[in-house]
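A.B. asks: The lines below spell out each chain.
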Amino acid sequence: MGPSGSGKSVLLRHIIGLEQPDEGEIRLNGQSVQGSDVLDRYRLAMVFQSAALLNSLTVAENVGLYLAEHRLRPPEEIRRIVSEKLALVGLEGTEDKLPGQLSGGMRKRVAIARALVMEPQLILYDEPTSELDPLSAQVIAEEILSLRDRIGVTSIVVTHDSALAFQVADRIGFLHDGRLVALEKPDQLRAHPDPLLQRFLQARAHRQPQEVAP
Amino acid sequence: MFQNLGEMILLFGRTVRALPLVWRQRRKVFEQFYDIGNASLLMVCVLSFFIGAVVALQTGPVLVDRALGAALGGIVGISICKELAPVMMAILIAGRNGSAMAAEIGSMQVYQEIDALRTMRIDPVHFLVLPRLVALAVALPLLVLVAIMVGWFGGALVAAYNERIAIGFQAFFENLRDVVALEDVANGLFKSLIFALIVGTVCCHQGLTTRGGPRGIGRSVTKAVVNSIVLIVISDYILTRLLLS
Ligand SMILES: Nc1ncnc2c1ncn2[C@@H]1O[C@H](COP(=O)(O)OP(=O)(O)O)[C@@H](O)[C@H]1O
Ligand SMILES: [Mg+2]
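If you're matching them up, the sequences are chains D and Z in order. So for the first sequence, numbering that gives the first Met the number 0 puts the first residue at 0; every next one is plus one. So for the second sequence, numbering that gives the first Met the number 0 puts the first residue at 0; every next one is plus one.
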């Protein structure tokens, strides 16, 4: 969690290897990612803020892309897996639609299904609920929670929405100006002494009633 | 543009090394191939017809006035097949298909679709560049072959029906057959193969290095087309020089 521009997306991009750190190192389960095959041995998936579906492919082709391109399953089985994952995110029957025909929330759920197909050990979500209406945001939040409970995948969720953070997280880190200011269980984070963090949490608390007021 | 030459050569090298995977990507190769033909075949015919026609129209009267009219078929034949068809069609393809490739890959870059591919451990070179480059390398020589035929026909038509030239079809093509050898046509097709690789590499590279949102896409497309044309013309001279000896 952290304000806009605090380096949340950049952090995720480093974890999954889209960018290389100028200094320091990224470690997965204690093993450094740089100059090793660690990223090949673990399956990491990322759900981009913009969903980043391939616009020229159908929903089914997007979701099945990982399996098809790496020749991991025969086509009929890919179709079955794709339908199964789409059903998991509540999008059965959208296989032949193009991403452009879907709403923002649906696109994000397709992106989650695409991540799930990889059977990842770690899913990175970049602002999964931003730009969504409150109802879709709630659906996505519940989705993240239920995936943890059902298939036991570890998730790192990045957000500037503290309500989402407190709803889904077992541990919350607070990022400010590229630095991790705090990393605590939710209860302990509320009592954290850092003034920046307290201001961030206060701002949310004050703003929310105004948002629902007519 | 020239500071990127190294990167482009690197991209080309990676694509060539991925060639064994081309069978896997055959569906995309075919789609690209179809796109190229569909977008350009008619334009190729129109363009090459008028290029052949204008060459005959410019050189015909000059030759006829000096009683050299019999050489017209050979001059039109050689200039079309060794020079004008390969260069003009490569420029056409750069404008028609290369620009589309730069725009498509550029927008995938800007909208993080390429990052998404990377997180799925799918190499954008295999997935995007390889099929486009292979399709271009097959399609452009075929289009140039068509262009050569149509260009010759255009030249012959003007030679026969322009009253200041008035050289019949038979005389035109007899001279053309005397002068133009199979090697000359092969020479033109070989050039067009190289041009196809240049257009594909430049445009895909430009797409992949697109930065800065939707405006970046526009910049990339412009640069892709302009750089392609410059490199086509420069390499045309070098190729001609090399193939001469
Ligand atoms: N650790 C860091 N060191 C230096 N610059 C950083 C760091 N983290 C982020 N930045 C810069 O801050 C900007 C905003 O980062 P970003 O991750 O997009 O923020 P957000 O938290 O809104 O996702 C980026 O342009 C990036 O270059
Ligand atoms: Mg961000």
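Warning: the hint list may mix true and false statements.
[As the list claims (entries may be wrong)] Below are the EDC-like pairs computed for lysine to aspartate or glutamate, each with C-alpha atoms no more than 20 Å apart in a straight line:
| id | chain 1 | residue 1 | chain 2 | residue 2 |
| --- | --- | --- | --- | --- |
| 1 | Z | 27 | D | 68 |
| 2 | D | 84 | D | 95 |
| 3 | Z | 27 | D | 22 |
| 4 | Z | 27 | D | 148 |
[Unchecked claim] Just a few of them, taken from the derived set where beta-carbon distance is under 8 Å, the chain D residues facing chain Z:
| id | residue |
| --- | --- |
| 5 | 14 |
| 6 | 15 |
| 7 | 44 |
| 8 | 53 |
| 9 | 65 |
| 10 | 71 |
| 11 | 166 |
| 12 | 193 |
| 13 | 195 |
[Claimed, not checked] Quick list of the computed label-pair ranges, beta carbon to beta carbon:
| id | chain 1 | residue 1 | chain 2 | residue 2 | range |
| --- | --- | --- | --- | --- | --- |
| 14 | Z | 141 | D | 96 | 32 to 42 Å |
| 15 | D | 92 | Z | 16 | 54 to 64 Å |
| 16 | D | 190 | Z | 16 | 54 to 64 Å |
| 17 | D | 195 | Z | 211 | 52 to 62 Å |
These are computed hints drawn from the structure, not numbers from a lab. The beta-carbon is built from N, C-alpha and C at its ideal position, and this holds for glycine as well.
A.B. asks: Compare the structure with each hint and give your call.
C.D. replies: Cross-check of the supplied hints:
no.: 1; hint: 27/Z to 68/D; in the structure: holds (12 Å)
no.: 2; hint: 84/D to 95/D; in the structure: holds (14 Å)
no.: 3; hint: 27/Z to 22/D; in the structure: violated (40 Å)
no.: 4; hint: 27/Z to 148/D; in the structure: violated (39 Å)
no.: 5; hint: 14; in the structure: violated (10 Å)
no.: 6; hint: 15; in the structure: holds (5 Å)
no.: 7; hint: 44; in the structure: holds (7 Å)
no.: 8; hint: 53; in the structure: holds (5 Å)
no.: 9; hint: 65; in the structure: holds (5 Å)
no.: 10; hint: 71; in the structure: violated (11 Å)
no.: 11; hint: 166; in the structure: violated (25 Å)
no.: 12; hint: 193; in the structure: violated (32 Å)
no.: 13; hint: 195; in the structure: violated (29 Å)
no.: 14; hint: 141/Z to 96/D: 32 to 42 Å; in the structure: holds (36 Å)
no.: 15; hint: 92/D to 16/Z: 54 to 64 Å; in the structure: violated (41 Å)
no.: 16; hint: 190/D to 16/Z: 54 to 64 Å; in the structure: holds (57 Å)
no.: 17; hint: 195/D to 211/Z: 52 to 62 Å; in the structure: violated (31 Å)
The earlier numbered hints that this structure contradicts are 3, 4, 5, 10, 11, 12, 13, 15, 17.
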